[in-house]
Amino acid sequence: MLSVSPLPLPRLERRQQDSQLLRYLSPVLAIGLTLISGALIFLWQGQDPLVGLYTFFILPISDSYGIAELGVKAAPMLLCAIGLSVCFRANVWNIGAEGQLLMGALIGSAAALYFMESGSRFALLFTVLAGAFAGLLWAGIPAVLKNHFNTNEILTTIMLNYIALNLLLWAVHGPLKDPNGFNFPESALFTEAVTLPIVLEETRLHLGLPIGLLAVVAAWVLLSRTFIGFQLKVVGLDASAGRFAGYREKRLVYFALLICGALAGLAGVFEVTGPIGQLVPQVSPGYGYAAIIVAFLGRLHPVGIALTSFLMALVFMGGEMGQMELGLPLALGSLFQGMLLFYLLACDVLIHFKLRGGRA
Amino acid sequence: MKIFLKRTWLKRAAVAAFSTLMSTTAIMAGAAEDKLKVAFVYVGPVGEAGWTYGHDEGRREMLDKLGDKVESTYVESVSEGADAVRVIRKLAKSNDLIFTTSFGYMNPTLKVAKQFPKVKFNHATGYKRSKNVATYAARFYEGRYVTGLIAGEMTQSNVIGYVGSFPIPEVVQGINAFTLGLRETNPDAVVKVVWINSWYDPAKEREAAEALIAQGADIINQHTDSPAPVQAAQDKGVLAFGYDTDMTRFGPDAHLTGSLVHWGDYYTDVAKSVLNNSWTAEDVWGGINAGMVKMAPYSKKIPADVVAAAEKARTDIASGELTIFEGPIKAQDGSIKVASGVKLNDGEILSMNWYVDGVEGELPQ
Amino acid sequence: MDIDLITNVLFAMIRSGTPLLLVALGEVVCEKSGVLNLGQEGMMLMGAVTGFIVSVSTGNLLLGVIAGMMAGVAMSLLFGSLALGLRTNQVATGLALTIFGTGLSAFVGTDYVGKPLAGIAPLAIPLLSDIPLLGTVLFRHDPLVYTALILLTLTWAFFRFSRPGLMVKAVGENPDSATSIGLPVLTVRWLAVSFGGAMAGLGGAYLSLAYTPLWSEGMTAGRGWIALALVVFASWRIGRVLLGAWLFGLASIMHLVLQGMGASISSNLLATLPYLATIVVLVILSSNQSKIRMMAPMSLGKPFHSRM
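Residue numbers (the numbering used here), protein chains in the order written: chain A, 4 to 363; chain B, 2 to 366; chain C, 29 to 336.
Quick caveat, the hints were computed from the structure, so don't treat them as lab data.
The structure displayed is predicted, hence computed values, not measured ones.
Note that the Cβ used here is the ideal one computed from N, Cα and C, for glycine as well.
Do not rely on the hints blindly, as some may be mistaken.
Pairs of lysine-lysine, DSS-like flavour, derived with a Cα cap of 30 Å [claimed, not checked]:
| no. | chain 1 | residue 1 | chain 2 | residue 2 |
| --- | --- | --- | --- | --- |
| 1 | B | K273 | B | K237 |
| 2 | C | K143 | A | K357 |
| 3 | A | K253 | A | K236 |
| 4 | B | K273 | B | K302 |
| 5 | C | K143 | B | K302 |
| 6 | B | K66 | A | K180 |
| 7 | A | K180 | B | K273 |
| 8 | B | K119 | B | K129 |
| 9 | A | K180 | B | K70 |
| 10 | B | K344 | B | K302 |
| 11 | C | K330 | A | K236 |
| 12 | B | K237 | A | K180 |
| 13 | B | K301 | B | K344 |
| 14 | B | K331 | A | K180 |
| 15 | B | K193 | B | K94 |
| 16 | B | K237 | C | K330 |
| 17 | B | K119 | B | K193 |
| 18 | B | K193 | C | K143 |
| 19 | C | K330 | B | K301 |
Covered by chain A, according to a simulated footprint, are these stretches of chain C (three or more residues, beta-carbon under 8 Å) [stated by the list, open to error]:
| no. | segment |
| --- | --- |
| 20 | 192-206 |
| 21 | 250-258 |
| 22 | 277-291 |
| 23 | 296-310 |
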């Protein structure tokens, strides 16, 4: 009738039933389309597309150190994305994993500096718990604001990201600065007692990855085997239905945000006690934002998220490799990330709709 | 459209796959030559001005001077967090000499250096060395003193605005040296400092410069990397000193001169020392004397006698006749911080965390 | 504070608030039609880089401004194809647009980082600029500042007096009943989304061509997100967008002025003030549930399925 679309798009027709096949095929399709677009970009940059794709996606993991680094890079995104998936399933649009991660790193570092003096056997445990708790509290702020003041969590979590970053900078330039560090913005190096154990000798692969994978299992159990998981599913499908069924929406908001905050906080404290080994101004190159893509690409499913976090880590490392080996701009990495998400969103439409060629 | 491309692309891919894989291995095999391989790790994009650009100029100068004895690669915009180790390690596997050009690479450089004892590392602006890690920095403050002398003569309002990055000794030295020079020619002038907590953030730098101009500053000095403060000065009709690289073209009317860093000689010398096996893990902190610090061309706006005085100071600093941090130096509260005739040693300069008399506001600690 | 300082601060406030004003204005129109586009940051960056590249290569600043707007529109059409055409989740699509725009702008702008450009010069309005105080604060800006104020007035009048303005609101409130009275819901939304893209592109171009005539990666530094918050702050009222943009501009200038005046608070802590202020305002405005429901477009963020 009046639904004239300005673009001559093929018409969409709702399927009788969602296509299960496409639910799994759509991410594969999206990755395929991204690879093709990538090849075109390489061509445009005057590179052999196959060399480009090889450098981007294979070279980074061509030795065992590279594979371990993939785990190092994936761990923080995995933890954040698992948390975000719980939020997004509950229709809580938490964009604040980055800030929650930074707070975990900040408070975790403060705890590490405090406990490494004490010589306690539990120094590392306390440090890690402090980081997780800091992330949890930071995520609690938008939860309280959403539940009791009706404040939009998208905006508050974004603002809190900037506040967390500035707090971290303040601490690293001020109270947590290495007293013997000539006033440079870095904390003292953490001692062995508050450093995460390495799980693969001769590499930097730390305990964070196994714990991340544990979170995957826990999330899977939570979503498929518990009542909360069931609630999340219903609310995610239709918020008003959940309200109708009498679920306590506010409790779900708290649950989702606090879980996510704790996991992101863990990711943060793992970064400083793991690969970095001290508090520095640049703890995260945007892991919390990248995790949003990971969560969507993984279709909010724990296993999907585990797979896509490795894929994202590979894209990051591929960007570095492309620069080192082929002199390509570093920004290519985030370009690929954006494309991947677009293609996935577009391909997902096919789950619910059929394409009918031409105009109505 | 896409589908069409996909088909032809796949066909092409099938044919090309084998030969490409072969050629990639060929590239990697062909890398083993006798040239000295030098790698640079940059904190920002090279661009056309600023800190990283200065290092890249140095790299190119080294290539020019040493011709086919060396070859070089660089990686730009390397995050100073967890990623630095991976990038430096990857470079260490295929290079003989690596320059890591930002303070944040200090601990990552040391970590990687331990695993690659045969590779030489030179880290800029840090303070930790090891068997195969040397450090280097420039005495930026020497050039800043010269700009201070000029500022004292050129200011009308007796207020100078200083856009600072981070309150670390390197920057504080510059502020103090500038203020000492300023007070030398104009005992009534004061310096206002605004910290933006970033090395490179054009909008913030611009806003900081504007805030300073709003508070009466008629000359802007900067210890940040973008030309935004010079642009702000140009638009507001006040004067400015650039930094790192010659920023005249960003504010032809505003730009007076600037303290430039010049790494070319140093990079050439270090590469030579590796070539003839005389490389040592030393600390080099060079100033005007070593050719590491230079002055940008003086603006025509500066009267000839002021230029002459500035040039005299420059040559005196180079010859050692003039020592900038030599007493009597007053602290902010007017008390004598450095007694008459006493010279601060390098350790005291390197850990400078106090303002001299003439700087307004409190130094964030 | 003396009078010179006050005029200077107010002048800087207006400059600093202008990109926010432009972007928020576009997003208000977009949201009034029921579409939530979180891709502001991405559209701004594309506007900034495109405007800069075109200006540097043609030497024509006006062409640069137009190109920046076109880039914003192109990005918004990408958003529209997905969110309106394919009815994807608007939040996810908007986020993807921001990530994509951040990467793409850095990618195409690599060769232009740190290139010099003579930016858009201020244009003092004759007579008006001679008014003491007010003239200096308001009438000595660059043309884009005036453009932003004119666009604001036009948009206000559009919603206040015109029939198409009512149509946009009707579509945003209840697309189903809008359809039943014969309004072309999707077309209205496409137009609103494109307008939002043009404004975001213009806001970005303002940064790279007038505010700091430079290109650097991620130079919008979160302004797109702040503009989104401003829309809620303004409770979707055009006039309040201006108030919010200026207040925010003032906050970001004041933390630097305070430092110059010798305030000994950490500059990092001062830098959190604008963000804290936004949260506080959001809380105050949103806490009255019935009120915010009345103000927000009813169908905001919901995909529209026409029932044919």
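Checked hints:
no., hint, in the structure
1, K273/B - K237/B, "47 Å, violated"
2, K143/C - K357/A, "49 Å, violated"
3, K253/A - K236/A, "15 Å, holds"
4, K273/B - K302/B, "41 Å, violated"
5, K143/C - K302/B, "25 Å, holds"
6, K66/B - K180/A, "41 Å, violated"
7, K180/A - K273/B, "37 Å, violated"
8, K119/B - K129/B, "18 Å, holds"
9, K180/A - K70/B, "43 Å, violated"
10, K344/B - K302/B, "34 Å, violated"
11, K330/C - K236/A, "19 Å, holds"
12, K237/B - K180/A, "38 Å, violated"
13, K301/B - K344/B, "35 Å, violated"
14, K331/B - K180/A, "27 Å, holds"
15, K193/B - K94/B, "47 Å, violated"
16, K237/B - K330/C, "48 Å, violated"
17, K119/B - K193/B, "48 Å, violated"
18, K193/B - K143/C, "29 Å, holds"
19, K330/C - K301/B, "63 Å, violated"
20, 192-206, "violated (count 0)"
21, 250-258, "holds (count 4)"
22, 277-291, "violated (count 0)"
23, 296-310, "holds (count 9)"
Against the hints set out earlier in the document, violations occur for numbers 1, 2, 4, 6, 7, 9, 10, 12, 13, 15, 16, 17, 19, 20, 22.
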